[in-house]
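Peer 1: Protein chains in written order, with the working numbering: chain H, 1 to 635; chain C, 1001 to 1339; chain U, 2001 to 2160; chain E, 3001 to 3201.
Hints are computed from structural coordinates only; laboratory data are not their basis.
A hint or two may mislead.
Said to hold, decoys possible - Here are some chain C residues the structure puts well away from chain U; computed CB gaps all over 12 Å:
#1 Met1063
#2 Gln1132
#3 Val1171
#4 Leu1214
#5 His1259
#6 Cys1262
#7 Lys1313
#8 Asn1317
#9 Gln1320
Said to hold, decoys possible - Below, a list of computed lysine-lysine pairs in the DSSO-like style, where the Cα atoms sit at most 27 Å apart:
#10 E:Lys3094 - U:Lys2143
#11 C:Lys1339 - C:Lys1200
#12 H:Lys358 - C:Lys1087
#13 H:Lys631 - E:Lys3094
Yeah, the Cβ is synthetic: ideal placement off N, Cα and C, and Gly gets one too.
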Amino acid sequence: MTKCASEIRDTALDDGALSARLAHIWGTPKTFWGFMTTVDHKEIGRRYIVTALFFLLLGGLAAVVMRLQLGSPDNKLVGPDLYNQLFTMHGSTMMFLFAVPIMETIAVYLVPLMIGTRNVAFPRLNAFSYWVYLFGGLMLWAAFFVNTGPDAGWFSYVPLAGPQYGIGKRSDFWAQMITYTELSGLAVAVEIIVTVFKMRAPGMTLDRIPLFVWAALVTAFMILFAMPAVMVSSTMLILDRLVGTHFFNWAEGGDSLLWQHLFWFFGHPEVYFIFIPATGIVSAIIPAFTRRRMFGYVALVLSLIGTGFLAFGLWVHHMFVTGLPRLGESFFTASSMAVAIPSGIQIFCWIATLWDGKLRLRTPLLFVFGFIVNFVIGGLSGVMVASVPIDTQVHDTYFVVAHFHYVLIGGAVFPLLGGIYYWFPKFYGRMLNERLGRWNFWLAMIGFNLAFFPMHILGLMGMPRRVYTYPAEMGWGGLNLLSTVGASIFVLSFLVLVLNIIRSLRSGEIAGDNPWDAGTLEWAATSPPEPQNFSRIPVVTDREPLWQNPETLPVIGGMHADRREILVSTLVEATPEVLESSPQATIWPFIAAMVTSVTLLASIFTPWAIVWGALPVGIALTGWFWPGGEKEDES
Amino acid sequence: MTAGRIRSVVQLATCSSALQACSGWQSALDPHSQTAAHLAGLFWFFTAICAIVWVLVVAALIMVLRRRRESESVLPGDDFPHQQRRKAIIVGSLTAITAIILTVLTYMSFYATREITWPRKHVLTVKVTGQQWWWQLDYQNQDPSQSFGTANELHIPVGQPVTVDLEAADVIHSFWVPNLIGKQDMIPGRKNVLTLRADKPGLYRGQCAEFCGLQHAHMSMFVFAEPPAAFEAWRRHQLEPAATPGAPQRITGMNIFVHGACATCHAVGGTDADGQTGPNLTHFAQRATIAAGTLRNTPANLSRWLADPQAVKPGTNMPQVPMSPADRQALVAYLEGLK
Amino acid sequence: MSFAYAKAAASIMASLLLVACEREQRDFQTPSSGSPSGDHYQRDAYDVAQGKRLFNWMNCSGCHSHGGGGMGPALMDNRWIYGGKIQQIYQSIHDGRRNGMPAWKHRMTDQQIWQVAAYVRSMGRYLRKDVAPGRDDAMQSGKAESRRERASAIVPSTPP
Amino acid sequence: MRTAIVRDVSGLPHHGFGPRALTWWGTLSFMSLETSGFVLAAGAYLYLMTRAPKWPLNAPLPDHWPGTIVALLLLASMPLNLLLSRWAHAEEMKKVRFGLVGMCILGILPLIVRIFEFPSLNIRWDSNAYGSVMWFLLGLHTAHLITDVGDTLVLTALMFTRHGYAGRRFSDVSDNCFYWDFVVLAWLPIYALLYWVPRLT
């Protein structure tokens, strides 16, 4: 390996020339081909986020129809068949196609910027992951539009989703959608872990990693260990349905509770895949708007990790009424209660930071306040359902529906909306409108609480979840109507957000690199960031590098300026150790995703599809890894 | 008793209209049995604690917004060391308090579980089998001549514990009568057991609580808690065959039933109708509702149900049997005579 | 030219759509009397599944033993004494046949008989795989209808 | 923002081995998630076993010989795998090519025996839940075996082209060895579950 004679190092160029040169090397051409082949984490992250928001829209529309149906007793707007498909689509979409992907991909966009590198660890895997996710989501919704929407609920309990009672191909589409989204979810988790472990800017030791990045890392680890559970169980389900295995057939030695164990072993941590990144967003917003460093950094990191561990010991609290032994159930009550402690620590630390801070009450911080108010309700009702005796009354009623919407909307969507207002200027270079932002916040706050608080009472009044209608004599009509009105207001708040985004993209105030005067590295990049993120990789000596030195960014020199190159650093101390090249744009991830998707889709109809599909998938993967002769491949 | 006092305090404190709405014949907050009372007491205790915690958090947030800052330094950065130390102590103590509260709640919950656990052998045993979308009830007895079957309406004697064996014929269902007891799943291939005891006579509504397919919404049941004497009278009556029709119209109705499609799925004791896949109709006229609580049992409703079951309960396994209006009248007359 | 391709593609898409919609239709209402050929029952997974439910409930296996045959003829092979078309099977169930097959016209409704007939067709693997039922949650008695090998052409047969 | 160069990294190497390489960490992550899958599948096996009245459930004992031969073949491949990893670290092209060809053969051999392993389970996947979970575990491991052998074949082809001389390819070879270790080690507990646990009862 002789040194290439023509190689250029960045030390030979001034900032302007270097930036132009790297922008060309890392850039994505504004062509169709460029769009299809890009491996830039920002391009992919952005389209991932837009796609997830599109699925939010679809899932939201399903919810709107459900709310309209339940707005009055004995309503005939939709029948049981469509209603069952609607709530299954709503749950599956929100969990698998919106919440988990959007949290993961905000990390895909932000983590490289926050840790001072130029791309994620495996950019082509990232592109592949997006395409597989897109195809999986589209497949599920296409199936719904041809009357093949799954109808057994987002947790698809057997035997209702099994071969005998899950009639037609509906549950097969559900089970295979799981395969797509888990494939993409796991791929992103691997990228995030390796990116955070090995690509941090020099000097970003473990105790200088931004809390959002910690949250993304903990989430990625949870995904790594929890998602295989649903892969295993959904594979068993589809085998039961398609080739006649007996995993869940009680008459031949199987057991329907095996499904529940496996599903909830994944399903409970999944709530934390959504919630933990949201806490990361909160921990990013609070310092910027209080002008204070986060109080209790170490405690916060330890609570994130603690939550990550405890989340794996809770799954049985979804099965308290299945008749498991009481002693075991008591253990799971204790562990479910215990997970409230790390959440409590986080809330105490946030309030402690706000306490002495110099507050700037802009929209992102408003959403943080809304988050705390709503999430605490969800957390506390979580403590209630963790108690076995109380759960026997509220399990599978609207009380639980209220509970998890407080946790997921209050605990994750509110921070997410705050995060959108916070980072939008970084993504698009323009500020969102503050006035509309306040409208957005208050409508969301009022609409959300009107929609979901009455559900607590409905559940206690005996209303089970997943009913497509109810008789007038039950007396549930009034509260349900209130809830429907609240839901409409909540929908309105999203329309305000869309309006705000459209206005801002056309005529928003230009943001500048660091409009909030925040301290983390993403604000050192331009808004929107250049394709290479950083022309020179920053050197970090503080948890809030931009606060420590607002004028000058210390950087390293000596990297190549003629190829896509990133800096690999050590795990703990982030000492530079290797200059590794980063892959070029390529169409192969798209092709690989395409053939994988077709194979999986065909396997819904015949198991032989896996055999036929293996060859094209193998060819696509070989094409992906085969070097093309660029500088990036040969170093 | 503590829980009871707390409950009344909370009741006073909370908006009373919401609470009035909470009481009803299918409400967890209107207990009519010791078990349900324990559960409600525990619920109110948890609610009180949680409400206090939430109010404190919101109060803290309001103070954050309103308090004057000692030092409004413009430069971003850390707190002063003495503030840091003070905060660390406060956050640490709050965490400890959280842990203590959670321990107390865990203990309370465990204690309540023990309170509501009964020994499993009782005089009266009823096997409840969940079906898509109705409840099959079998009153079991060592002596087969004392055993009988019925559907959707469970009669129990007040004050006596009754063993309820829970099974399912097709998919998972869940047995839940909130005024009397929390829910328990009915799982194909498994057996669960509950002990049901009503302490006040009354009519309580229950509903399937595990999503079970198209008509999950219309799978409800009624529990009639009766004084022991009334229950015994009811039980004896159930053991008898169906009433023999006298009026000609009813005899016509019986012939339609016994020789037509009805008898394929339904049984009527004392006749040739012995279908087992649908509800037993021997004493149908005594029941308060039709189709697992979907309609009140009136001749008009029954006629509507027979004319087009799928319009009333889309997806039900009850088919629309074609017959002339006169035949349907006769069938209704027969069924409404099955006292 | 390209317009022709687009038209062809559109018609293929439309027919796929129809196939899927038809397969998954849950038709609860009884069709008004004078119901047509009954062909649509064997294209609808829900009807076939309901037919299977009725086949078990009516204890058809008492004679036909899960289609393997016993006192009554086997239903899984390609030999059909009274014809293997759905209309012919409907007739056999509806009116009964000599040698012990009872008439069900008074014991089941028309719709139910069509559903059972559609299911019987699936036992012989005459239906599309994505319409035929999967295995039951019960003791197994051979491959599920959706996994059976396609039956060969219908052969007229005489009672043994 | 103004920048100030405070450090020069031009002397750093362009590829690293083991924990210094991104792909090594990627491989490790994938191994972790696959381990999670194996453990859950094994958990399902044990769960069904504890619920069954007897194990094997209504079936003769599986014939362990094909499985044992696969285990022995896989273990026999370990020394060469270790050597290949060392040669890759030392970037010795000739030895690496020899080792890769050897690993291809040592990978295909157990795959051939694997074909005979399925029938020797003495039960079909659709007979009962015991059969289902036996086939599931064996299928899961076979999938890993096939993908890694496929990967080795492609990598071997690559190392015989001019692309093979890039330093990072040697790192890829050593990561492939790392993954093979995992495939071999994962087999041992599954082998025990499939063939010896049913013999315990």
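Peer 1: For every hint, state whether the structure bears it out.
Peer 2: Checked hints:
no.: 1; hint: Met1063; result: holds (57 Å)
no.: 2; hint: Gln1132; result: violated (9 Å)
no.: 3; hint: Val1171; result: violated (9 Å)
no.: 4; hint: Leu1214; result: violated (7 Å)
no.: 5; hint: His1259; result: violated (7 Å)
no.: 6; hint: Cys1262; result: violated (9 Å)
no.: 7; hint: Lys1313; result: violated (9 Å)
no.: 8; hint: Asn1317; result: violated (7 Å)
no.: 9; hint: Gln1320; result: violated (4 Å)
no.: 10; hint: E:Lys3094 - U:Lys2143; result: violated (54 Å)
no.: 11; hint: C:Lys1339 - C:Lys1200; result: holds (26 Å)
no.: 12; hint: H:Lys358 - C:Lys1087; result: holds (17 Å)
no.: 13; hint: H:Lys631 - E:Lys3094; result: holds (24 Å)
Hints 2, 3, 4, 5, 6, 7, 8, 9 and 10, counting from the list given before, are not met by this structure.
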